[in-house]
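Novice: Sequences and hints are given; from them, build the entire structure.
For the sequence shown, UniProt numbering begins at 1 and goes up steadily by one.
Just so you know, these hints were derived from the structure itself, not from any lab. Do not rely on the hints blindly, as some may be mistaken.
Label pairs and their computed distance ranges (CB to CB) [as the list claims (entries may be wrong)]:
#, residue 1, residue 2, range
1, G231, L306, 32 to 38 Å
2, R139, G231, 38 to 44 Å
3, E218, E382, 45 to 51 Å
4, Y156, A105, 35 to 41 Å
Every residue gets a Cβ at the ideal spot worked out from N, C-alpha and C, and that includes glycine.
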Amino acid sequence: MRRLSFKSSIALVGQDLVPVRDAVIDVADGEITGIGKTPGNVNIIDLGNVILMPQLTNAHVHVLDYFLMGLYGKYYIDDVVGAPYGLKYYYLRRIKPNSLRVGLANVFRRIRDYGVGCLLTIIEYGAVFTDIVIEEAKRVGLCIVPLAEPSSFRVYVKPEEEEDVDERFEEEVRQFTDRGFGISLISPLNYSMAELRLASKLTGSRGGLISIHVSETEDTYLDGDLNRALGTLVTGNTLFVHLTQLNDDDVMKLPMRPVAVCPWSNMEFIGKLPKIGIMTKRGLRPLLGTDNVALVEPNPWEEMKLLRVIMAGTELRPIEILKMATSWAWSWGLGYVISEGAQMRGLAMRIGYENLSMDYVHDYVVTRISTKDITYMINGQEVIEIK
Numbered sequence: 001m002r003r004l005s006f007k008s009s010i011a012l013v014g015q016d017l018v019p020v021r022d023a024v025i026d027v028a029d030g031e032i033t034g035i036g037k038t039p040g041n042v043n044i045i046d047l048g049n050v051i052l053m054p055q056l057t058n059a060h061v062h063v064l065d066y067f068l069m070g071l072y073g074k075y076y077i078d079d080v081v082g083a084p085y086g087l088k089y090y091y092l093r094r095i096k097p098n099s100l101r102v103g104l105a106n107v108f109r110r111i112r113d114y115g116v117g118c119l120l121t122i123i124e125y126g127a128v129f130t131d132i133v134i135e136e137a138k139r140v141g142l143c144i145v146p147l148a149e150p151s152s153f154r155v156y157v158k159p160e161e162e163e164d165v166d167e168r169f170e171e172e173v174r175q176f177t178d179r180g181f182g183i184s185l186i187s188p189l190n191y192s193m194a195e196l197r198l199a200s201k202l203t204g205s206r207g208g209l210i211s212i213h214v215s216e217t218e219d220t221y222l223d224g225d226l227n228r229a230l231g232t233l234v235t236g237n238t239l240f241v242h243l244t245q246l247n248d249d250d251v252m253k254l255p256m257r258p259v260a261v262c263p264w265s266n267m268e269f270i271g272k273l274p275k276i277g278i279m280t281k282r283g284l285r286p287l288l289g290t291d292n293v294a295l296v297e298p299n300p301w302e303e304m305k306l307l308r309v310i311m312a313g314t315e316l317r318p319i320e321i322l323k324m325a326t327s328w329a330w331s332w333g334l335g336y337v338i339s340e341g342a343q344m345r346g347l348a349m350r351i352g353y354e355n356l357s358m359d360y361v362h363d364y365v366v367t368r369i370s371t372k373d374i375t376y377m378i379n380g381q382e383v384i385e386i387k
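Specialist: Structure below.
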């Protein structure tokens, strides 16, 4: 059994990210065995004057559209990434999967260098592209939660089709769940009620996750996508994403399930944020995502800073913003915390100023840390230098 200890100026510990000064984290075979002031092991790695915190979780990102970068502002957003007629879907129906490897490798390296350890990745046409996405993500050391999207979906569901299940849809959902993948669904409006219930049942039986866009735009909200989701996808394994159009009463209807918001994308394309403060009051513990790589840089630090500026003076404090990218994901069974018994997945960030007050640590991380301050990622006993 290999044992060692990591020493840092400050560590953010547990689900509440409690700051501990001069912290020593003891690790054995990749698992945290102790947190204190004195090393419990002979081998000590001094990380220097850093804040040691959990690696970040990006809870919603589309990586397969990176090759459309630069088209934002030239075309309407749905014409670029919208299903089924957007440019992304047009190209993915025709492209050879192996031609994406180099580009995906570059995307995943950038994502990792932002300090992301856990990535919830939407994989359009999942039966074709899932293996390549997983391989390239793992190659750079990312823990990936693959959310495979079936190739079959409906542009419009007719009333008489509500109890129909497309054979290809069922076949692919069963294939994905048998392989242990999560499922990505475009919108509740793109599937019959029977298909939504089937997806929920199959993924729930395997402990998998469904990610689905809900009320991202006004038209989908007015078409009743929220009630459609609430009537079919509340078995405990569904991640509702975006929710920009919900009012206070709508938020209070949401079940105690994970939700994900994408601040930069929402402001760019919708012009408004979801009611994150109401979500936190309800106890939903929202997660943070970056959305389409083609249109938004997959940098969670910029997402946190945007939230900090827009929601300054509200009930959403910096510590909650930081939890959205770290420990709240862990509370839903995703991501990481620095806690005894947990796997060591740490992120070391250089402290750029003297005499950092312990009362200001969370504010400091959210408002002042940038990617140039990230020095190391720690995976178990492996220390990876970020240059």
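Novice: All hints, please: hold or fail.
Specialist: The hints, checked one at a time:
1. G231 <-> L306: 32 to 38 Å: For L306 against G231, whose Cβ atoms are near 33 Å apart, the range 32 to 38 Å holds.
2. R139 <-> G231: 38 to 44 Å: holds, 41 Å
3. E218 <-> E382: 45 to 51 Å: holds, 47 Å
4. Y156 <-> A105: 35 to 41 Å: holds, 38 Å
Figure legend: structure checked against the earlier numbered hints; every hint is met.
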